[in-house]
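Input sequences plus hints: build the corresponding full structure.
Residue numbers (my numbering), protein chains in the order written: chain A, 17 to 164; chain B, 4 to 339.
Bear in mind the hints are in silico, worked out from the structure with no lab data behind them. Note that the structure is predicted; figures quoted are calculated from it, not measured. Hints may contain errors.
[Claimed, not checked] In silico PhoX-like cross-links for lysine-lysine, where the CA-CA straight-line distance does not exceed 20 Å:
hint, chain 1, residue 1, chain 2, residue 2
1, A, 22, B, 201
2, B, 304, B, 182
3, B, 18, B, 338
4, A, 30, B, 201
5, B, 275, A, 40
6, A, 135, A, 124
7, A, 124, B, 57
8, B, 275, B, 31
9, B, 338, B, 182
10, B, 201, A, 35
11, B, 73, B, 182
12, B, 182, B, 299
13, B, 299, B, 338
14, B, 72, B, 298
15, B, 182, B, 298
[Unchecked claim] Among chain A residues calculated to face chain B with C-beta under 8 Å, some are:
hint, residue
16, 26
17, 28
18, 35
19, 95
20, 119
Glycine included, each C-beta is placed from N, C-alpha and C at the ideal position.
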Amino acid sequence: MKKIAKEEYAEMAKRASPKSHLVKNCLRAFAFGGALCAAGQALVNLYQSVGLELQEARAAVSISLIGLSALLTALRVYDNIARYAGAGTLVPITGFANSVVSPAMEFKSEGYVMGIGAKMFTIAGPVLVYGIVASILYGIILYIIGLF
Amino acid sequence: MARRIGNYTIITENKPKIQGFASIVGKKEGDGPLSEYFDAVHDDTTLGQESWEKAESRLQQEAAEEALKKAGVTEKDIQYIFAGDLLNQCISSTFGLQSLNIPFLGQYGACSTMAQTLGLASLFVDSGAAQRCMAVTSSHFCSAERQFRFPLEYGGQRTPTAQWTATASGAAVLACGEKERPYISAVTFGRICDLGIKDVANMGAAMAPAAAQTLTDFLTDTQTCPSDYDVILTGDLGAVGSHLLQELLRRDGVEIAPYHNDCGLMLYDREKQDVHAGGSGCGCSAAVLCSIILKKMVQRKLTNVLFIGTGALMSTTSSQQGENIPGIAHLVCLKS
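Given below as C-alpha cells:
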C-alpha cells in the first residue's frame, strides 16, 4: 500500500463518512422536547388546580417526569423513544433520570455495592460534578456583585 | 511443513482442512438475510443465563460443540483450541470453553480474532504440532455495549458511521485428511496500522488501512491479483470502511470492488435492521465465514476465498486518554 499522510486519510475518511441528519434530528428533538415541556406545563396547571402552590406544583412535575422516565426505562421502552427523540428526551429532566436508572439496571449483575452503587452515576456523575461546581462559581460571583 | 514466501506470507503444504464448522447467532442475526445458513438461532439472547457475559460464553460453547459434532470428533480428539473474544481478559472464551478440557491458547485480535485463530490453528496442524485444532470466537451485542459504550437502556443516538456488534459465535475444527474439504492454503498475519482515526463510532475507517496493507502484502508475496479470487471477504469494515479500503487500494492501481464483500454488510439488512454502517464484532466475521461462505465452499460454489479479519485494537482506557485507534488485519486464503 502506498504511503498516505494522516491528514490526507483523515480527509478521505471524512468524505466517506455520512453525517448525522442535522435538520431531521433537530426537528424531532424540537417536537419531542417541546411536547414534553408542554405536557410538563399541563401537569403544573393540573397540580395547581388540585390546590398546590406554584412552587409545589413545579416540584411535583419534576418528580412525576423523573418517576415516569424511570418507569419507562425499567420497562425497556425509554431507549426506543430516545432513539427518535434524541436531544428531545436527553435535555429535559427525563434524560437525567434515564442516565441514572439505566446503569443501575445494567450493572445489577455485579452486585448491589460494586454494581448498582458504584456504577449508578457513571453517566450522570460528571453532569452533577460540573453542575454543582458551576452553581458554586455563579453563587460566588453573585455574592461579590452584591457587595457593591 | 509450512514455508514462508515474500515478507509476510506463510504457505501451508499439507492442506489443513476445515473438517467441521458451526455458527450460532442471536435473534437479530437470525432475522437477517443469512438466517438459513446458521446452525442455530437463539431468539432469547440471554440464552437462559443470568448475565450477558455468561450468555456469550454459552454461545461460544454451543458453537464449539456443534463444530465438533459436525466434524465427527469429540473434544478428546482436539489437541489445541485457539479462542478469543472482545471482553476484558477474553472471559467469554475462558468460561465458555473450560468444560471442553482442551489445551487452550487465548487470543486477542479484537474483531480479527477468527482469522487469527484460524491461521494459527491451521499452522499448528500443517506443521504436525497437532493433529486437530479448533478456532473459536464470539461477540455479544449486550456484553460489548456494557463494556465499551453505554448501558442497554440508556437513551442515546448512534451516528451513521457506528456499527452493530453481532451476537454470534463461529467455530471451526481443523485437521489434515483425505476427505474433500475447504483448506487453508496461505496465511498472512498483519501489521498494526494507525492512520490517526480516533472516532470510536467509526471503526470501519480505523481498520480499513490495516486491511489494505495486509491484502497488499499478501498479493505482493504470492504475486497474484484480486481477479484470481472468487471473493475477497473482509471482516467488519462496514459501509464506510469498505468504501475506504477500495479507495486506498485504487491509489495503488488495485481494483477489488468486483470481488470484495464485507461480513458486516452481509450479516444484516442495513435498510430494515437499523444497524447503521453494518455489523461488527468477532462473531460477525466468524458467523458469516462459518455459515454461508464455508457451506458454499463445501458445495464448491466458491473455490478460492480470501478471508481478512479486521480488528480495532483500542480499549476504553486508550480512547478516553485520546489515543488513536490502531487497526489490524489478518488474512487467511481458503481453497476448495
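Exercise. Hint check: is the beta carbon of residue 28/A less than 8 Å from a beta carbon of chain B?
Worked result: With a minimum Cβ separation of about 6 Å from chain B (threshold 8 Å), the hint on residue 28/A holds.
For this session: Given the hint that residue 30/A pairs with residue 201/B, test it: the Cα-Cα distance must not exceed 20 Å.
Result: Given that 20 Å is the threshold and the Cα spacing comes to 12 Å, the pair holds.
For this session: Mind checking the alpha carbons of residue 182/B and residue 298/B for me, to see if they're no more than 20 Å apart?
Result: Holds. Residue 182/B to residue 298/B sits at ~15 Å (cutoff 20 Å).
Exercise. Quick one, are residue 22/A and residue 201/B close enough, alpha carbons at most 20 Å?
Worked result: Roughly 12 Å between the alpha carbons, so the hint for residue 22/A and residue 201/B holds.
Exercise. Would the stated hint for residue 26/A survive a check requiring a Cβ distance to chain B of less than 8 Å?
Worked result: For residue 26/A, the interface hint holds, since the closest Cβ of chain B sits about 6 Å away, which is under 8 Å.
For this session: Mind checking the alpha carbons of residue 72/B and residue 298/B for me, to see if they're no more than 20 Å apart?
Result: This hinted pair holds, its Cα atoms lying about 16 Å apart.
Exercise. Taking 20 Å as the top limit, are the C-alpha atoms of residue 73/B and residue 182/B close enough?
Worked result: holds, 14 Å
Exercise. Are residue 35/A and chain B close enough, Cβ to Cβ, to be under 8 Å, as the hint says?
Worked result: holds, 7 Å
Problem set entry | Pairwise hint evaluation, residue 35/A against residue 201/B, where the allowed Cα distance is 20 Å at most | holds, 16 Å
Exercise. Does the structure keep residue 275/B and residue 31/B at a Cα separation of 20 Å or less?
Worked result: Answer holds: residue 275/B to residue 31/B is near 11 Å, not above 20 Å.
For this session: Closer than 8 Å between Cβ atoms is the bar; does residue 95/A clear it against chain B? Give me holds or violated.
Result: holds, 5 Å
For this session: Return the status of the interface hint for residue 119/A: holds when the least beta-carbon distance to chain B is below 8 Å, violated otherwise.
Result: holds, 5 Å
Comparing the model with each earlier hint shows no violations; every hint is respected.
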